[in-house]
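Chemist: One-letter residues, chain by chain:
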Amino acid sequence: MSRYKKMIKRSLILILLLPLLTQAGCAFKDIDKRVFVVGIGIDPSEKVRHGFKVTLKMIKPVGDVKSVPSQTYAYLTHESESVAEAIRMLETRVDKVLDLGHNRIILLNEKLLSKDIDTFMDFFTRRGDIQMITYMAVAGTTAEETISFEPETETPASIALYNFFDNTGTESPYVLTTFLFEFRRQVLSKGVNAILPIIDINEDKTAFIINNAIVLKLEEKPVKLSEVETKYFNSLLYNASGFSYKIEKEDLIMVLNIDTVKMKYKIVLDEGPPRIDMKVTKYGVIGESNKRLDISNLKKYDKTAAEEMKKKVIELLTKLQENDIDPFGFGLRYRATRLSREGLMDEWDRIYPEIEFNVTMDVNLKSTGAVE
Amino acid sequence: MTGQQAPAIFEDLSEQFKPSDDIIQTPLQIKGQYAFLFYLKSVVDGNTLQQTVIKPFFEMASEEGFESYIQSLPNRIEVPSKEKLFILISAGFVLIAIGDQTFLLDIRLVKDNEIQDTIMEPTIHGPQKALSEDIEVSINIIRQRYHNPSLKVEDIMVDDLSNRAISLIYDGERANPEMIKKVKKQLKNLNTPLFQSAGDLQHFLNNSKFTLFPTSMVTERPDRIVYNLVGGKVIILIDGSPNVIIAPVIFFDFMSSMEDNYHVSIVSLFTIVLRYIGLFTCILLPSMYVAMTSYNPDILRVELALTVAGGRIGVPYPSFVEVLFMLFFTELLTEASMRLPKAVSSTATTVGGLILGTAATEAALVSNIMIIIIAAVAISTFVIPINELSFAVRVIRLFLLVYTALFGMVGLLIGFIGIVMVLTNKDSLGVPYLQIPWMGKSDELRMDNR
Numbered sequence: 001m002s003r004y005k006k007m008i009k010r011s012l013i014l015i016l017l018l019p020l021l022t023q024a025g026c027a028f029k030d031i032d033k034r035v036f037v038v039g040i041g042i043d044p045s046e047k048v049r050h051g052f053k054v055t056l057k058m059i060k061p062v063g064d065v066k067s068v069p070s071q072t073y074a075y076l077t078h079e080s081e082s083v084a085e086a087i088r089m090l091e092t093r094v095d096k097v098l099d100l101g102h103n104r105i106i107l108l109n110e111k112l113l114s115k116d117i118d119t120f121m122d123f124f125t126r127r128g129d130i131q132m133i134t135y136m137a138v139a140g141t142t143a144e145e146t147i148s149f150e151p152e153t154e155t156p157a158s159i160a161l162y163n164f165f166d167n168t169g170t171e172s173p174y175v176l177t178t179f180l181f182e183f184r185r186q187v188l189s190k191g192v193n194a195i196l197p198i199i200d201i202n203e204d205k206t207a208f209i210i211n212n213a214i215v216l217k218l219e220e221k222p223v224k225l226s227e228v229e230t231k232y233f234n235s236l237l238y239n240a241s242g243f244s245y246k247i248e249k250e251d252l253i254m255v256l257n258i259d260t261v262k263m264k265y266k267i268v269l270d271e272g273p274p275r276i277d278m279k280v281t282k283y284g285v286i287g288e289s290n291k292r293l294d295i296s297n298l299k300k301y302d303k304t305a306a307e308e309m310k311k312k313v314i315e316l317l318t319k320l321q322e323n324d325i326d327p328f329g330f331g332l333r334y335r336a337t338r339l340s341r342e343g344l345m346d347e348w349d350r351i352y353p354e355i356e357f358n359v360t361m362d363v364n365l366k367s368t369g370a371v372e
Numbered sequence: 001m002t003g004q005q006a007p008a009i010f011e012d013l014s015e016q017f018k019p020s021d022d023i024i025q026t027p028l029q030i031k032g033q034y035a036f037l038f039y040l041k042s043v044v045d046g047n048t049l050q051q052t053v054i055k056p057f058f059e060m061a062s063e064e065g066f067e068s069y070i071q072s073l074p075n076r077i078e079v080p081s082k083e084k085l086f087i088l089i090s091a092g093f094v095l096i097a098i099g100d101q102t103f104l105l106d107i108r109l110v111k112d113n114e115i116q117d118t119i120m121e122p123t124i125h126g127p128q129k130a131l132s133e134d135i136e137v138s139i140n141i142i143r144q145r146y147h148n149p150s151l152k153v154e155d156i157m158v159d160d161l162s163n164r165a166i167s168l169i170y171d172g173e174r175a176n177p178e179m180i181k182k183v184k185k186q187l188k189n190l191n192t193p194l195f196q197s198a199g200d201l202q203h204f205l206n207n208s209k210f211t212l213f214p215t216s217m218v219t220e221r222p223d224r225i226v227y228n229l230v231g232g233k234v235i236i237l238i239d240g241s242p243n244v245i246i247a248p249v250i251f252f253d254f255m256s257s258m259e260d261n262y263h264v265s266i267v268s269l270f271t272i273v274l275r276y277i278g279l280f281t282c283i284l285l286p287s288m289y290v291a292m293t294s295y296n297p298d299i300l301r302v303e304l305a306l307t308v309a310g311g312r313i314g315v316p317y318p319s320f321v322e323v324l325f326m327l328f329f330t331e332l333l334t335e336a337s338m339r340l341p342k343a344v345s346s347t348a349t350t351v352g353g354l355i356l357g358t359a360a361t362e363a364a365l366v367s368n369i370m371i372i373i374i375a376a377v378a379i380s381t382f383v384i385p386i387n388e389l390s391f392a393v394r395v396i397r398l399f400l401l402v403y404t405a406l407f408g409m410v411g412l413l414i415g416f417i418g419i420v421m422v423l424t425n426k427d428s429l430g431v432p433y434l435q436i437p438w439m440g441k442s443d444e445l446r447m448d449n450r
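Residue numbers (UniProt numbering), protein chains in the order written: chain A, 1 to 372; chain B, 1 to 450.
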């Protein structure tokens, strides 16, 4: 029975191959043999000239998430001439594999912003895994201090800074979100300036404060935006929800809750002096008032609100213009809608400081709130 | 009393059947009239024999009268060749010789002709009764549900030792004649000494030696049979088995339940979608766990990655050993609860499912999430309506697991593409296995293959 012999031989080979499964290969790294980096802070180095100080925030998994009061982290710092080198050196200090795949926040020191930002961010943008998910921000103090801060509201297995920037947690027009890929695009494109949120820590050391932003200028000192300016910018460009606005007119004080903001603009060059026609439409309700309101007067409130807010928008646009920064990307729009030719950008650089802003604000209040 | 001698064939018969004690060879005799009976008493209904043959014989006036009486009996069939005669006698036919004439009467005694309840493919709506173990009763059930002269019933003689009756049933107007020829040829060429059930026969109908996916369907539901008859399929019945074989079939037939036809459209769409999700879950989930925990934890969201990592604290073996270990035990559990008597099987599932699962996590042999995955996989395996496919799926996910353990997410993908390729390469009696029936239900029923 040669057929059976053959079968027996085959099964024997299979059985002999089976123990191979129990052999540990070098590539098999289970999830518990990895340590997840959940934040990277970059400061200028104090020891190395033109170097960087890289801080990694690593999360420690806990067996039973429900039984621990708060999340525990581990921090590692290294100073080196380049970011990649620093991270390679940090790998020698942990027993597990450094897994950057879950890193979604990179904090920069403010001093680094005027440097050649493209070179040291190169390490991150070259990685395929995190460039679409990582948020960029600027630390109010040093990146190391901010990244290693743990706010009181942080619960286990959830990272506070992630919740700020993705839309699963808080949503506020003060919090600006910039992704890594967006940041790189804005840094490298002509006609637009990158804008980053600033992360501060409150005086009691209990919570983050993220309510203003900073606009980068290539190899120059960056320009900070105030809270209100950040709010306006964020709601105009990104339709950030939760925008509220206080109107004071005579003795009437009203707070409007705006839920939808629509903005479009047009660069008009051929009619008189160059100008930008911006049309903003806002929809919302009245959230608070110190007086009895009548629903039939809604149109009147619309008008009052529109006038007030229009002033603020023009103020913001003028401030940006005066500082010669363009986070809205007017210049990019100009470039994109004109035939490419030499000196196009120089042309825009001449036009922008003198351009006029013609803002039409349209406010549509839907109700005076749920109370009559 | 010189009497008449029994015909020569009776001698051959008794030669052939000796030394069985249940052969009866008896002459009937009254006033010079003779008749000879030959039968096996264990398979012949004695009462009917007495009522329809013996009693009339003594009441008849003449031999001729009795002869024409026998001639007109509804259960009389032509006397076939000698070889076939032996088989028929052993199946419960009675041979009668009157003068020079011989007659063959079907007075079979069948004890297993109850109609069974549907066990393998139960539905909430739809018929609750399945077929019977007796082929005549089964044909009766099918005929009673499909009153159409185009319904053809053909008996096939198959060359095996048990000489069971096998019937082909098809709708002569809808079934492809080529297909019928193919099925017949396939049945003729069966190279097996014995087969006992539809499942058995189906196995031998497959041409290749190693097969994982079934290429013909075994079913017990009369409504499914009728549905497939209308669709132009060929049904093979085998005596002694409450199941029939439907051929040819495609992969998607195994994913359909008769219940789909009995619900309102949205509900059945929902259940169909649910079923396909279940199919993919039970094939992919164990491998996905390995791929995600050991190769690409970046795919998971960070909260889940942390929970998985936390759950794996203290687990000594790599993730694929963990999965293999748990899959092995669930397979044992499924197998055990199937083979055990009903009274004991609930204990087995309790001990296995609850106690083993909890204890394994307590002892940190496997992670909590593993238990959830294994439970989800086990449940979703049961969602597949036809049992044969769910057996195949149980094997397949082990293949995928090996691929994934070796090559990670890429391995999972390659393994899955491999499965699709195997399925694409397969055919059921010439019909591509993975053929997608882009046809509405009414078109399918109106389908005319010729």
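You may find that some hints are simply not true.
To be verified - Using 30 Å as the maximum straight-line C-alpha spacing, the simulated DSS-like pairs for lysine-lysine come out as follows:
(1) B:Lys426 x A:Lys6
(2) B:Lys18 x B:Lys152
(3) A:Lys9 x B:Lys426
(4) B:Lys18 x B:Lys185
(5) B:Lys82 x B:Lys129
(6) A:Lys246 x A:Lys190
Because the hints were derived from the structure by calculation, they are not lab data.
Only a predicted model underlies this, so the values are computations on that prediction, with no experimental measurement involved.
Chemist: Any of the earlier hints contradicted here, and which numbers?
Modeler: 2, 4, 5 and 6
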